[in-house]
Amino acid sequence: MSDRVSPSTPGTPMVLADGVSKSFGSNEVLKSISLSVNPGEVLCIVGPSGSGKSTFLRCINHLERVDAGRLSVDGQLVGYRQHGDKLYELKPKEAAKQRREIGMVFQRFNLFPHMTALENVIEAPIRVKGVPKAQAVARAQELLTRVGLGTKGDHYPAHLSGGQQQRVAIARALAMDPKLMLFDEPTSALDPELVGEVLDVMKGLAASGMTMIVVTHEMGFAREVADELVFMDGGVVVESGDPREVLANPQHQRTQAFLSKVL
Amino acid sequence: MSLGNQDRPVTGSIPSPAGAPPTSEPIKAIKLKHPWRIVFAVVLILLVVWFIIDASQREAYGWQYVGKYIFDKRISAAALVTLQLTVYSMIIGVILGLCLAVMRLSPNPVVKSIAWLYLWIFRGTPVYVQLVFWGLFSLIYPKIFLGVPWTDWGVSFDLAFMQNAFIIAIIGLALNEAAYMAEIVRAGLLSVDSGQEEAATALGMGWGRTMTRIVIPQAMRVIIPPTGNEVISMLKTTSLVAAIPLTTDLYGVARDISAVTYTPVPLLIVASCWYLLFTSILMVGQYFLERRFSRGVNARRPDRGDGAALTGAVPVAGAPGNDLGGKG
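If you read the sequences in order, they're chains A and B. Okay, so the first sequence: first residue is 38 according to our numbering, each after it adds one. Okay, so the second sequence: first residue is -17 according to our numbering, each after it adds one.
Don't take each hint at face value.
[What the hints assert, rightly or not] Take a look, some chain A residues computed to stay more than 12 Å from chain B by CB distance:
| id | residue |
| --- | --- |
| 1 | SER71 |
| 2 | SER73 |
| 3 | GLN119 |
| 4 | GLN135 |
| 5 | GLU138 |
| 6 | GLU160 |
| 7 | HIS254 |
| 8 | GLU261 |
| 9 | ARG291 |
[As the list claims (entries may be wrong)] Part of the chain A face toward chain B, derived, beta carbon under 7 Å:
| id | residue |
| --- | --- |
| 10 | ARG137 |
| 11 | MET141 |
| 12 | ARG164 |
| 13 | HIS289 |
If you are wondering where the hints come from, they were derived from the structure by calculation, not from laboratory data. Predicted, not measured: the structure shown is a model, and the values here were computed from it. Positions of the beta carbon are idealized from the N, C-alpha and C atoms, including for glycine.
Build out the structure end to end from the sequences listed, making use of the hints.
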């Protein structure tokens, strides 16, 4: 895993959130979240369920609309275009173009069940980016090998274990050559003995310099891989900092209460 | 392993020798008898035999006329018309139903309401009444004028083709079918996990591509079985085109012949035989289609035929399919 990801604009953070808020009806899920992730960094977001971590992740690739604040990826506003002091909502096509550069891995894998592992990986490069099929297949084969599934390309998702499915899902996201990878509890739906193989792939990805935001309950992974750890609760960032420090010596009472339950 | 076990009692625990797992004797019990089952079956068989003997001797059935007309040229030509009506109106109905289903799932409230209104009207009125209406359509609209009101600027469409009973029949049946297909397609689209659409969106795929490449192929598994029911149902509904009136279909021609020969019952039997032949072929086809589309994905046991064989009825959410009864 030596290939570096595409260089981004120097000096700008990969993800910059400034007062990001989001409500579902009267339920305020995100309350003014501000944080930044630099290129090549790994950010882990932890917190109890319902704390807004997944919603925040989904806002980053515009699967959810942000209600207030500014959210930008690589210097570009997510979902909007700014002209003067006015914001214009992006057309679906423009939003889709933004999403191409952001890979996402879901808790429930969401592989396309009617396609083989290889077809899952080549679908978007061929249909969205217009990559020639032979080239897409070669690249997909390389990615599947990279996640340790070089021989499983012709298997349907139903015939793969959860851990294998999630690794295919990672390969599928990587096939679009994203500059940012989002992981939404990638190991939460896995049997305990399958968690390790997925985390190993993610560690390798982090080591190759990929910018990653990982919502997770795997504190060991956060301690080992993350450059920064954010603890969210009730839609706010309660505490953030170096993962080893936060995990070893949490300052805030709510962080202490949460960590005492999961560690 | 079971050596020496033969004489042991069935009850009571058997101490197993150390290391070997305990072996238990297979149960050899006397089977429970069901005498009433046999009695009931015999009674049913007797009734059927009695009915057959009686029917074969009854004058009114006119079996010699059944034999005479079953392969009559006029009847087989009419059977072809019935097949054409079925195929053409199903094709149009499926395409229109797909459009309506997508309209019903649209975020645009006006589009959604129009689709809902269409379904409300076409599912809420009998197909027979609809066909009578389409038969009168050319009286209501001899031509349609599209243009600026109170001026003569615009285009005029001649609707003379709406006097062709065959075309009216296809349009009438298709418009009614579209309403039912829309619900089947909608159930199919909703059956696909929302995570699929999300994953496709996250990969930068647009709405149209997500539908055609990801959602619709998966929805087909749910859409195909009730659509098979609809085809079978449509074949029988075509007999209602008499309402337009169109009389070149199977039932219409059978009636026309019997009006001349005064033998209505044998010709009804002739028509029924042809309908049964077609529906039987369709049911067999449906069985194989269903097997094909349920491959791999769902956990049906491959070792069992799984009952769906010739009943053709597969319960699917939202499917208004009734396997043998007509609708209207």
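Each hint, compared with the structure:
The Cβ of A:SER71 sits about 24 Å from the closest Cβ of chain B, beyond the 12 Å cut-off, so the non-interface label holds. Every Cβ of chain B is farther than 12 Å from the Cβ of A:SER73; the closest lies at roughly 22 Å, confirming the non-interface assignment. For A:GLN119, the shortest C-beta to C-beta distance to chain B comes to about 22 Å, beyond the 12 Å cut-off, and the non-interface label holds. Not every CB of chain B is more than 12 Å from the CB of A:GLN135 (nearest about 8 Å), against its label as outside the interface.
Against the 12 Å criterion, A:GLU138 falls within the reach of chain B, whose nearest CB is about 8 Å from its own CB. With a closest Cβ-Cβ approach of about 7 Å to chain B, A:GLU160 is found to fall inside the 12 Å limit, against its non-interface label. With a least CB separation of 20 Å from chain B, A:HIS254 remains clear of the 12 Å interface cut-off, as annotated. Its beta-carbon lying about 27 Å from the closest one in chain B, A:GLU261 satisfies the requirement of being farther than 12 Å from that chain.
With a closest Cβ-Cβ approach of about 30 Å to chain B, A:ARG291 is found to remain outside the 12 Å limit, as its non-interface label requires. Using the Cβ-Cβ criterion of 7 Å, the hint placing A:ARG137 at the interface with chain B is satisfied: the shortest such distance is roughly 4 Å. Evaluation of the A:MET141 hint against chain B yields a held restraint, the C-beta minimum of about 4 Å falling below 7 Å. Using the Cβ-Cβ criterion of 7 Å, the hint placing A:ARG164 at the interface with chain B is satisfied: the shortest such distance is roughly 6 Å.
For A:HIS289, the suggested interface contact is broken, since its CB lies about 32 Å from the closest CB of chain B, more than 7 Å.
Checked against the numbered hints above, the structure breaks hints 4, 5, 6, 13 and satisfies the rest.
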